[in-house]
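So you can see what is in the structure, the chains are spelled out below.
Number of protein chains: 4
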Amino acid sequence: MIETPVIMVNYKTYSQSIGESGLELTKKIENAAEASWLVCPQPVDIRTIKEKTNIPVFSQHIDAVKPGSNTGHLLIDAMVDAGVEGTLINHSENRLKLSEIDEIVTMCKEKGLTTVICANNPATSAAAAALKPDFVAYEPPELIGGDISVSTAKPEVVREAVERVKAVDPDVKVLCGAGVKNGKDVKKALELGTEGVLLASGLVKSDDVEGVIRDLESSL
Amino acid sequence: MIETPVIMVNYKTYSQSIGESGLELTKKIENAAEASWLVCPQPVDIRTIKEKTNIPVFSQHIDAVKPGSNTGHLLIDAMVDAGVEGTLINHSENRLKLSEIDEIVTMCKEKGLTTVICANNPATSAAAAALKPDFVAYEPPELIGGDISVSTAKPEVVREAVERVKAVDPDVKVLCGAGVKNGKDVKKALELGTEGVLLASGLVKSDDVEGVIRDLESSL
Amino acid sequence: MIETPVIMVNYKTYSQSIGESGLELTKKIENAAEASWLVCPQPVDIRTIKEKTNIPVFSQHIDAVKPGSNTGHLLIDAMVDAGVEGTLINHSENRLKLSEIDEIVTMCKEKGLTTVICANNPATSAAAAALKPDFVAYEPPELIGGDISVSTAKPEVVREAVERVKAVDPDVKVLCGAGVKNGKDVKKALELGTEGVLLASGLVKSDDVEGVIRDLESSL
Amino acid sequence: MIETPVIMVNYKTYSQSIGESGLELTKKIENAAEASWLVCPQPVDIRTIKEKTNIPVFSQHIDAVKPGSNTGHLLIDAMVDAGVEGTLINHSENRLKLSEIDEIVTMCKEKGLTTVICANNPATSAAAAALKPDFVAYEPPELIGGDISVSTAKPEVVREAVERVKAVDPDVKVLCGAGVKNGKDVKKALELGTEGVLLASGLVKSDDVEGVIRDLESSL
Chain Z
-4 MIETPVIMVN YKTYSQSIGE SGLELTKKIE NAAEASWLVC PQPVDIRTIK
46 EKTNIPVFSQ HIDAVKPGSN TGHLLIDAMV DAGVEGTLIN HSENRLKLSE
96 IDEIVTMCKE KGLTTVICAN NPATSAAAAA LKPDFVAYEP PELIGGDISV
146 STAKPEVVRE AVERVKAVDP DVKVLCGAGV KNGKDVKKAL ELGTEGVLLA
196 SGLVKSDDVE GVIRDLESSL
Chain B
-4 MIETPVIMVN YKTYSQSIGE SGLELTKKIE NAAEASWLVC PQPVDIRTIK
46 EKTNIPVFSQ HIDAVKPGSN TGHLLIDAMV DAGVEGTLIN HSENRLKLSE
96 IDEIVTMCKE KGLTTVICAN NPATSAAAAA LKPDFVAYEP PELIGGDISV
146 STAKPEVVRE AVERVKAVDP DVKVLCGAGV KNGKDVKKAL ELGTEGVLLA
196 SGLVKSDDVE GVIRDLESSL
Chain X
-4 MIETPVIMVN YKTYSQSIGE SGLELTKKIE NAAEASWLVC PQPVDIRTIK
46 EKTNIPVFSQ HIDAVKPGSN TGHLLIDAMV DAGVEGTLIN HSENRLKLSE
96 IDEIVTMCKE KGLTTVICAN NPATSAAAAA LKPDFVAYEP PELIGGDISV
146 STAKPEVVRE AVERVKAVDP DVKVLCGAGV KNGKDVKKAL ELGTEGVLLA
196 SGLVKSDDVE GVIRDLESSL
Chain L
-4 MIETPVIMVN YKTYSQSIGE SGLELTKKIE NAAEASWLVC PQPVDIRTIK
46 EKTNIPVFSQ HIDAVKPGSN TGHLLIDAMV DAGVEGTLIN HSENRLKLSE
96 IDEIVTMCKE KGLTTVICAN NPATSAAAAA LKPDFVAYEP PELIGGDISV
146 STAKPEVVRE AVERVKAVDP DVKVLCGAGV KNGKDVKKAL ELGTEGVLLA
196 SGLVKSDDVE GVIRDLESSL
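Residue numbers (this note's numbering), protein chains in the order written: chain Z, -4 to 215; chain B, -4 to 215; chain X, -4 to 215; chain L, -4 to 215.
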C-alpha cells in the first residue's frame, strides 16, 4: 500500500532516465528522500532499478492483454515478475479507450497492483474515479512539461477535480501534476485537497536532483 | 428533447440500411411507430432521411474535431447542418479514448445535440455518467447481434448498470441494448429501470420490419 | 477513369464546405472548370453534390469494413451507392495502418473505385505504389495548409517521389499536394513529373474561388 | 550484421517467456543452437537476457518517439542501451501506420539496428520492401499460432512474397512465419526463396525446446 502524501516521479522517455542514468537518478532519490516516493522507469530499466534500489517502482503503462499471442505489448504478469507495485494508466501522452482503462484497472486489482488513472480535466477525473482505481491524477495537458505548476495556475480546477472525484467515490485518492517543480507547488497541491503529486521533467531533467528532492520534501 | 421511453435504431453498416433501402426502412418506422423512436443512419444517408421523414435522426458517431484541416472525419457542424438531433458516442464497435468521449459530449452540449454514450459494463457505464451525457447505453459486447436480449440474459447486470449510473448522476438516463428483438425484451428492460433500448439487427435485418415495430411498441 | 492532369479538391472539414456552401463551391468549380477536376466533400454532403453537379466526387476516406455490424464507419458500399468514383486513402490527417491501406485498395478495385493513396515522403510514396493504387499523392505534412507550395519548396523531393513511385510501378500516377494555391504551383508540379495536384485551403477558403480556378487551369 | 539463414524467435507475451523462464529458454537456445538465431524477449527481460546469454536480442517493437515527454513508450535509445541489435516492426499483433513504419526504419538506420518489417501478404510485403528494411517477414495472420506452417499451407504465396519484395528491392531479405514448428517447415521456407523464419509458439510453448531447436537446425 502506497503511503500518502506521495511523490510519484515519471521517468518518461527522457535521456536522463535511461539505463545507468536512470539507476543513478533512482539512487539519488533513495538517498535523499524520507517521505513516500515512487518512480516510473522505462520498461527495459524496471528490473534493474527494482533490484538495486528500495524505492517502489511503478510501470508507466500496462497493455490490456493477457499472456499469449501478443507482440510488443507490456504484459502485467511480466511487470509483476519484475517487481512493480503499480502502474500509471491513461497518461496524457498515452491516452486509452475507456474500456481499456477499465480492463487494466480490473487486471491490476486481480494482481494486487496499485492503480493511478491520469485524467485531463475534472470531468474525466470523475469518470476515472467511477472505475474505482486507487488514485486519480489530474493533469492539464497544456501545463505538462511547463514552468508553471498546475496548483499555481489552476488552483480552482484542482479543487474541482478533487470534489468531483470524491463525489463519485470518496475512497479514491487524488493527485495532481503538470509543471510541478518545487516544494511550494507540492504544498499548494496538498492544500487543495490532493494527496500527492505526479512530476517528471522538474526532477528528472534538473541539474540538481538532490536539491529538488529536498525542496519537494520540505513541503510535506 | 427526446421523450422516453425511447427506441433507438442503429442502422450500422448493414446493406439493408444503405440509400433507398435505408429510406424505406425509416418510412416503415415512421408509419408504424407511435412511441418515441429515433434512427441512426449511415453518414451519407443522414441528409436524405432527415429531409424525407419525420423520425429524429442521430449520428452513429462524431469525431472530436473542429472545423478546419481534417480529412475523412465526421464534423459536428456538418451533422448539425444535416439535421441530426444527437449522436451515439463510444459504441462497442467504435470505442473511443476517455478524453475524446468527454470532448465530444462537451461539443454536443455547445451545439444542443443529445448525447448517448455507450458502455460495455456497469463500471464504464458509471464512468460515462460522470461525463454528464443525456443517456448512457449499457451494451454487453458479447450479446450484440445475438439472439438473446441483454434484459433476458443479464437482468441483474442491467439493474447494476442503472444503479451505478444513477449513483453518479441521477439525471442521466439509462438505456440498454444487445440482442433486443421484441416487445418482451423491451418490457423487461424498462422493468429493470432503463428508459429505453438501443437495437439494430433485430429490426434492420428483419424480414418483417412492421411486425417487429408493432411488437416492440406493444410493450411500452 | 479519371483524366490527367487532374486537380483534386479536398473539402476537408472546412466550414466553407458544409451543406449549401459546399454545393455552391462545387457549382462554382463546375461552371469555371474546363480541365479534369474532382472534389472530395464531407460524407453527409456527398449525395447532394453528386446529384446536383457533374463534377466527379471522391470520398475523403473509406473504412476497411464490410457490410455488417460496424458503427460510425464509412462503408464502401454506401459510398458507391451515393455515387463516388474514388477515394483518398491515408491522408496525413487520417493516417492508416499499412494493412488497412492495402485492404481498402483491394476493396476499391473490387468495386471499381479509383484509389489515391496519400504519402508523406518519397519512401512511403514508393511503399504506397507497391499496393498498386491508381494514384499516389505525395504531400509533405509540414507544408499542408501553408503558403508555400510543395512544388516550389521541395522540387527535388517531388521529383524523387515520382522516381521512386515509377521505379516500383510505372503504371501508378503521381500527384503532389500541400500549399498548392495557383497556376504556377500546378505548372511546376507537372514539370516535376506529376500528373496533377491535390489542394484544399488554397481553393476552399479563398475569397475568389472562380479566380483561383481560372488561375489553376491556366497552367494546364 | 545478422547471418542468414536465420531463425528468429518471438517470445511474445507468453507466460513461458517471462523473467527466469525467458532466461532459461534463451540459455537452452544458446546451448543447442549452432546456426544463426536471435530472440525477441519481452521489454522488461531484454537487459537480463542480453547480459546473461550470447544470443543476439531484438525488440518486439519500438515506438516512433524520440527522447523526451512520452509515457509508456518503447524508446529506441533505451533499447540500444539495453543491447538490442534490431527490432521487429509492424507485427500482425501490433500493426502500425505506414508513416510510423517508415519513421521507425529511419530511426533504426541512424542507430545501426537491424530492421524486420512484418507484413500480412505479398502486396504489403512489397510495400514494406520499398521502405528499405533489412528484412521483410511475410506472415499470413490466419496461420499464426496454428498447426500448419505457412511454407506448407501457402508455398505459392511465400514465393510470390519473395518475388514481389525482390522486384522492389533485391537487397531486402525475406523471411516467412506463422505455424513454423519443425525442420521440414524451415527447409521448405528456404527452398521457396526465404532466408529464414520467424517463429514463436512452436518453440516457446514446446515441452521439448532442445528437441525443437535441433530439429529446426537439421534443415539448415
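Some clues are possibly wrong.
Note that identical chains are pooled: a pair holds if it fits in a single copy or bridges any two copies.
[Said to hold, decoys possible] Listed next, the in silico EDC-like pairs over lysine to aspartate or glutamate satisfying Cα-Cα at most 20 angstroms (straight line): (1) K182 / E19; (2) K200 / D76; (3) K47 / D58; (4) K127 / E105; (5) K104 / D210; (6) K106 / E15; (7) K200 / D72; (8) K47 / D142; (9) K61 / E137; (10) K104 / E158; (11) K182 / E80; (12) K179 / D72; (13) K61 / E15; (14) K23 / E95; (15) K182 / E29; (16) K176 / E186; (17) K61 / E205.
Derived from the structure by calculation, the hints contain no laboratory data.
Hints, one by one, checked against the model:
Taking the closest pair of Cα atoms, K182 and E19 never come within 20 angstroms of each other, the shortest separation being 27 angstroms inside a single copy and 49 angstroms across copies. Within a single copy, K200 and D76 get their C-alpha atoms only as close as 29 angstroms, which misses the 20 angstroms cut-off; across copies the closest is 19 angstroms, which meets it. For the homomeric pair K47 and D58, neither the shortest alpha-carbon distance inside one copy (26 angstroms) nor that between copies (27 angstroms) is at most 20 angstroms. Only within a single protomer do K127 and E105 lie at most 20 angstroms apart by alpha-carbon distance; the minimum there is 13 angstroms, versus 30 angstroms between protomers.
In this assembly of identical chains, the alpha carbons of K104 and D210 never lie at most 20 angstroms apart, being 34 angstroms within a copy and 42 angstroms across copies at closest. Taking the shortest Cα distances, K106 and E15 sit within 20 angstroms of each other only across copies (19 angstroms), while inside one copy they are farther apart (29 angstroms). For the identical chains of this complex, K200 and D72 are inter-copy neighbours only, at 17 angstroms across copies versus 31 angstroms inside a copy, given an alpha-carbon limit of 20 angstroms. With identical chains, the CA atoms of K47 and D142 are never at most 20 angstroms apart, being 32 angstroms at best within one copy and 43 angstroms at best between copies.
Taking identical chains as interchangeable, the C-alpha atoms of K61 and E137 lie at most 20 angstroms apart only when they sit on different chains, with a minimum of 18 angstroms there against 34 angstroms within one chain. Proximity of K104 to E158 under the C-alpha cut-off of 20 angstroms is found in neither arrangement, the shortest distances being 24 angstroms within a copy and 22 angstroms between copies. Neither within a single protomer nor between protomers do K182 and E80 lie at most 20 angstroms apart by alpha-carbon distance, with minima of 26 angstroms and 46 angstroms respectively. Taking identical chains as interchangeable, the C-alpha atoms of K179 and D72 are never at most 20 angstroms apart, the minima being 38 angstroms within one chain and 34 angstroms between chains.
Taking CA atoms no more than 20 angstroms apart as the test, K61 paired with E15 passes between copies only; the shortest distance there is 19 angstroms, against 31 angstroms inside one copy. In the homo-oligomer, the alpha carbons of K23 and E95 never lie at most 20 angstroms apart, since the shortest distance is 35 angstroms inside one protomer and 36 angstroms across protomers. Taking the closest pair of Cα atoms, K182 and E29 come within 20 angstroms of each other only inside a single copy of the chain (16 angstroms); across copies the shortest separation is 60 angstroms, beyond that limit. Taking identical chains as interchangeable, the C-alpha atoms of K176 and E186 lie at most 20 angstroms apart only when both belong to the same chain, with a minimum of 16 angstroms there against 54 angstroms between chains.
Within a single copy, K61 and E205 get their C-alpha atoms no closer than 39 angstroms, and across copies no closer than 26 angstroms, so neither meets the 20 angstroms cut-off.
Of the numbered hints listed earlier, those contradicted by the structure are 1, 3, 5, 8, 10, 11, 12, 14, 17.
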